[in-house]
Structure formats: structure tokens, C-alpha cells
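Undergrad: Sequence:
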Amino acid sequence: MDREKEIVLTRLPEISDSLADQVARIVRSIRQLELKKSPSVSETLDWAKTLLLLGVESITEAEAVETLNILLKYQSDIAKASKELQGDSGAKKPGVPRTS
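So that you can map any letter, position 43 of the sequence shown is 43 in full-length UniProt numbering, and since no number is skipped, the others follow by simple counting.
To be clear, the hints were calculated from the coordinates, so they are not data collected in a lab.
Check each hint, because a few of them may be wrong.
Said to hold, decoys possible - Okay, derived cross-link-like pairs now, DSSO-like style, lysine-lysine, Cα gap no bigger than 30 Å in a straight line:
1. Lys-83 to Lys-73
2. Lys-37 to Lys-73
3. Lys-49 to Lys-80
4. Lys-73 to Lys-36
5. Lys-83 to Lys-36
6. Lys-80 to Lys-37
7. Lys-49 to Lys-37
8. Lys-49 to Lys-83
9. Lys-49 to Lys-73
10. Lys-80 to Lys-36
11. Lys-37 to Lys-83
12. Lys-36 to Lys-49
Unchecked claim - With beta-carbon atoms standing in for the labels, derived distance ranges:
13. Gln-75 to Ser-29: 11 to 21 Å
14. Tyr-74 to Pro-13: 27 to 37 Å
15. Gly-87 to Thr-10: 12 to 22 Å
16. Glu-14 to Lys-36: 26 to 36 Å
17. Ser-76 to Ser-16: 31 to 41 Å
18. Glu-34 to Glu-57: 11 to 21 Å
19. Asp-17 to Leu-54: 27 to 37 Å
20. Gln-32 to Ile-7: 12 to 22 Å
21. Thr-50 to Gln-75: 32 to 42 Å
22. Ile-7 to Thr-67: 15 to 25 Å
From a predicted model like this one, the values you see are computed outputs, not experimental measurements.
Using N, Cα and C, we set each Cβ at its ideal position, and we do this for glycine too.
Model the full structure from these sequences, guided by the hints.
TA: Put into C-alpha cells, the structure is as follows:
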């Protein structure tokens, strides 16, 4: 099991396995970008808590993009991650279902 997913499941017992998996995969993909500051585990937990409070069961592209400010501190990082999540080619990104 992915270490970050394990941490999310341990710290947030109310989160579903599938949502924890999506959170961990999306954060992992964001960390691959050249950012001023990559998200920490603490920020991952804050993001997961926010998604739970919003009633998210499966993260859509729109929900991911709209909540990036919880995960990332710099506007330039948010813009870069948003572009990555939406995909330059419009192709679906792994772990982020496209919105209709």
C-alpha cells in the first residue's frame, strides 16, 4: 500500500479507501511537477479533510482544481498543477475523472 494513502486512512478513519487512493495518487502526480513548494503530508491531510467536508466521494477534475489552494501555497504552483490536472491535450489524467 502507498505510504501516503496509509497515513490518510490512519489519520482520517472516516475516509473511503477509494478516496484515500485518489488523494494519494493525485498528490503524487503533483509532486512530480517543478513547484516552488511541493505539498507536505500535512497539506495532503488538510486536502483530504476538505474533500470529506465537501461530501466528495470521488474526486472530479473540477473538484481537484477548485480545491488546489488547500494543497498548494503559491499561485504559480496552483496554476501549474491545475494545468496538469486538466491535461494540456484535454486527455483524462489518472485518478481524476473528467467532468461532463
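Undergrad: Each hint should be assessed against the structure and marked as holding or not.
TA: Hint check:
no., hint, in the structure
1, Lys-83 to Lys-73, "holds (16 Å)"
2, Lys-37 to Lys-73, "holds (7 Å)"
3, Lys-49 to Lys-80, "holds (23 Å)"
4, Lys-73 to Lys-36, "holds (9 Å)"
5, Lys-83 to Lys-36, "holds (16 Å)"
6, Lys-80 to Lys-37, "holds (12 Å)"
7, Lys-49 to Lys-37, "holds (20 Å)"
8, Lys-49 to Lys-83, "holds (23 Å)"
9, Lys-49 to Lys-73, "holds (17 Å)"
10, Lys-80 to Lys-36, "holds (11 Å)"
11, Lys-37 to Lys-83, "holds (17 Å)"
12, Lys-36 to Lys-49, "holds (24 Å)"
13, Gln-75 to Ser-29: 11 to 21 Å, "holds (19 Å)"
14, Tyr-74 to Pro-13: 27 to 37 Å, "holds (31 Å)"
15, Gly-87 to Thr-10: 12 to 22 Å, "violated (31 Å)"
16, Glu-14 to Lys-36: 26 to 36 Å, "holds (32 Å)"
17, Ser-76 to Ser-16: 31 to 41 Å, "holds (32 Å)"
18, Glu-34 to Glu-57: 11 to 21 Å, "violated (32 Å)"
19, Asp-17 to Leu-54: 27 to 37 Å, "violated (18 Å)"
20, Gln-32 to Ile-7: 12 to 22 Å, "holds (19 Å)"
21, Thr-50 to Gln-75: 32 to 42 Å, "violated (18 Å)"
22, Ile-7 to Thr-67: 15 to 25 Å, "holds (19 Å)"
Against the hints set out earlier in the document, violations occur for numbers 15, 18, 19, 21.
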